[in-house]
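Asks: Using full-length UniProt numbering, the first residue of the sequence shown is number 1, and each one after it goes up by one.
Misleading hints may appear alongside valid ones.
Result set (DSSO-like, lysine-lysine): computed pairs, CA atoms no more than 30 Å apart in a straight line [to be verified]: (1) Lys312 / Lys112; (2) Lys345 / Lys112; (3) Lys860 / Lys910; (4) Lys650 / Lys312; (5) Lys840 / Lys818; (6) Lys686 / Lys696.
Hint data in this document are derived by calculation from the structure and do not stem from the laboratory.
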Amino acid sequence: MPVNLILAPAAAGKTRACLQRIQSLHAAEPFAPVWVLVPDAQNAAYFRQRMGRIGGGMGVNVGTFRVLFTDLLERQGRFSPVITSALEHRLVQQIVEAAHTAGELDHYAAIKAKPGFISILQDVFSELRSAYISPDQFLVYTSASPRARQELATLYARFIAQLEEIGWIDHDGQVWEVITALEDDLKTAAHIRLLIVDGFSAFAGARLEFLKRISVQVGEMLITLPGVQGSTRAVDRRTRAVIQTLLNELSPRVTELSSAPYLPRESKYLEQHILEPGETPKMQASTPFFLETQNQGEEAREALRWVKRLYKRHGVPLSDCALFVSHLDTYRPHLRAAADEFGVKIRFSHPDSLMKSPAVQSLLNLLEMPPEDFTTRAVINALRSPYFDFGLDEKDIDHLELVSQVARIVVGQEQWTEAWEMLSTTRRDSEEPLDDERQISNPLRAVDLTALRQRFVRFWQVFDGIETPRTQTEWVAWLESTLTNLQFYNQLSGERDMEAWQALGESMGSLILSEQVLGRHPVSYEHFLSILLGAIQGARLDEPREAKQNAVFVNEIQHAVASRFKAVALLGFSEGLFPVVEHPDPFLDEHTRADLGLDPRLGREQVNTFYQAFTRADHYLLFTRPYLAEHGERWEASPYWLSAVSLFEKEAVQKISPNRVRPQAEAASPQELLFWAVQQQDLHYKDDDELVSGWKQLAFARTILNARRMKVPQSQYEGDLSAQATIFEAIFSPDHTWSASRFETYATCPHQFFIQNLLKLEPKKPPELGLDAAQIGSILHDILEKVYRAAEDTTDLDALLSNLESHAASVFAQAPHKEVFRPSPLWEVEKDQFIAMLRKTIEALHAESMGWTPIRFEEKFGISNTPALVLDLGAEEVRLRGLIDRVDRNEFGGLRIIDYKTGGSNLSNKDLISGRRLQMPIYAQAAQQALRLGTVKEGFYWQIRAAKPSSFKLSKFKNNQQKGPQAAYTIALDHIRRMLGDVRSGSFPPIAPGDGCPSYCPAVQWCWRYQPGYWRKRNDDRSSH
């Protein structure tokens, strides 16, 4: 039967010729059956649309090769079911497992269970099937090849044998079955009067064999190809090879159309001269259609802005617009974000992976918890997930997170059990107001832990019995029951969630189906999870039906063939994006590909792809590219961009920089318009109430931002709450009792003082193994107190050291309950470290204490009915409380104050001068005035870890003309007087310390003046005094 090959450049009437041939046939034979084969559903819709305009569509079937394959097989009475993607993924998993069990895998044994390997095998098998390579051919070809290729051939043979055994076919196997049907019955396709193959640029081996077989049965075959016979142009290089193959295999009659390409003026000039040698005159473009943007995100925005402009101002339907990008996965999130903001509907040619669904990702996070031993972060995330209902409200979950933080729960149900037991006997906060530095608060004091634990049981019940192996069908039933109990299906919202649910159901159904066709056997939970994960990774998340209606079509440049659009934007013309960087296939090298007739991975004719892409536009064309790489380096243009730009005057190129002032009328969303208005300090649309309201809010925000940009904080947005001074005067009245640490906090940063002491906010930290600084400090204090208090002779070093371990053991035994922590394996190590540290510090203290005898330990003032320290500030008095670690006396009755510090930072003279360390002079005054123990002659901070005194000493302190304790008292009083006035006046500006902010400040996450640094040293001794 005659085979006709129509050749013509892009947009030169090939599809029109096909439509005319259908019309002429139906004029003579009105109901003659016609089949039109196109690359995909998008092209099928386009062809039907063109045919609908001219009429004569009766008896015409338009579809892909697979649609025709199915029709021919059904006519033959062959109904082999086509395997689904999810079932195919599972089938490949099983043949890999079987091959490994049989000892047939060596090279690929290490990656046999990787989902990525299974997906690659699916691609390899698909390529081999498409190239019409049988398992026997591949086995023979690889018999002398390296082991890796032999194993691929073995797996391919197993795959096809398994399909034949269960009586199913894969998508790429349909063509094989049709070829067999055509061989068996020479009248299989005789009913087709005209077969048109339109919109293709090449044909794989199996399709070419199909065309060869069916060409002798149909009345007439018409094939179209873009290109010109005998052309030497670079853009036709690929077509030349395809034409020659068709001439050899089908012996067609060649017809070349003489019509000029139907393209816009600039596109036609590109089509004629792109990549041609020699100098070409430059054309003056009517408008700029080459856009350079700062990055790929901006590139996506500008392309969609261009589309929205055409839609709004020129009436171009969104469905007549297309974006072709260099790499779909890279541009997809940028395009989604911009489309959502601009209110432009888009649809992608290739659906997202089901793994991208938030609902499915939440489900997998839940299921992966047992193998990962229930990490605390994963548990809390699952409890907070909007897709699950564990019978807990938000307050319950907040309390559970507090439990995990207080008890240092890192992983495992066992740690939760230990935590509940420990917390049930843990002390509450002391009723008496201990010194802030020694107070370890219990945030769970108001929580009914028993009731909370009972409500939390439901979470663990989800995983009851998972240690028992089950068949895949039983596991799927367990999973469906679990999801029903957790209200998963009822929590889904929106079309994307519903599409994900449907795809998830298909994936789980594939597991059941695979057992039905391959046999059942019990597997562990972990094995089932890996199978489910593989099935989900192989599944796709279709776009909701509504999203596909009147939406901009998005595809990769490599697939820009056949269909035509009124407007086309091509994105990604920077070096390395397009043309794409080519890499060899590690599974099938170039030599193998050439021998087997597979498409090459190196030396691909991407210039032909480029040519096809820019000739898709009937009226409007746009090129875009990013000019800066991810880290700010200049990103060079691709050679195709440079070649295209060289054909036009420089006005055809427009560079969009972030600082460029743009007309507000060009804004594609209200947010963007307001952003530009702020940049330009003027809103042009003052009659739009919504925009005016947003403008006023931004003006207010600008006021705040400007205030925070000031070098020195000085406004109500920078901690100046003087308007509420009467409130602070009442809170911090003369009756208020202060502590040294609160004044020190204010001196460090007034804003931190405000956050901690007035807003009562505390920082949240993820649970970690080991104790925090406050707990360590409290334990070390307790041990030192017990050792010295119990000693008959505090100057007897040997006695002190001999009693150290017994007293430490007593403190260690009570520590988990007293300090609120759950002992971990690290606790045993820490205890040994603490004893060694204390042994060293006792020895050093002994050497430092010649002539001094300890007389008081843990001496309170202003606490538990002990007298407070009352300091005379002149105009008023201030009350203070605290806890003195140790008081020594010398032979002359003079006193020495020692305050233990676990760390060693901020213990110098300058820290007293700055006001950041006031404790020693306050405690010295307390010993003298409040406790009336005598006259203080000396005082210092003792660094427990370093086993040495601080550089600051009361006796040696100098300031101005004063020296010794009195100098320290004077400067401390000055600081207290100043800070008291500032606090009462409402002055709480954020002022970062010179050496950086403490990491434990609750405002770290939002403070605009936060500067990290100083916490690294200070954090160790923050509360361990």
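Asks: Indicate, hint by hint, whether the structure satisfies it.
Replies: Evaluated hints:
1. For the given pair, Lys312 sits about 53 Å from Lys112 by alpha-carbon distance, which is inconsistent with the 30 Å threshold.
2. Note on Lys345 and Lys112: the hinted pairing is violated, with a Cα-Cα distance of about 41 Å set against a maximum of 30 Å.
3. With a CA separation close to 27 Å, the supplied pair Lys860 and Lys910 stays within the 30 Å bound.
4. Restraint check: the Cα-Cα separation between Lys650 and Lys312 comes to about 28 Å, which is no more than 30 Å; the hinted pair holds.
5. As the CA atoms of Lys840 and Lys818 are separated by approximately 25 Å, the hinted pair is consistent with the 30 Å bound.
6. At roughly 11 Å between alpha-carbon atoms, Lys686 and Lys696 fall within 30 Å of each other, so this suggested pair holds.
Checked against the numbered hints given earlier, this structure breaks hints 1, 2; the rest are met.
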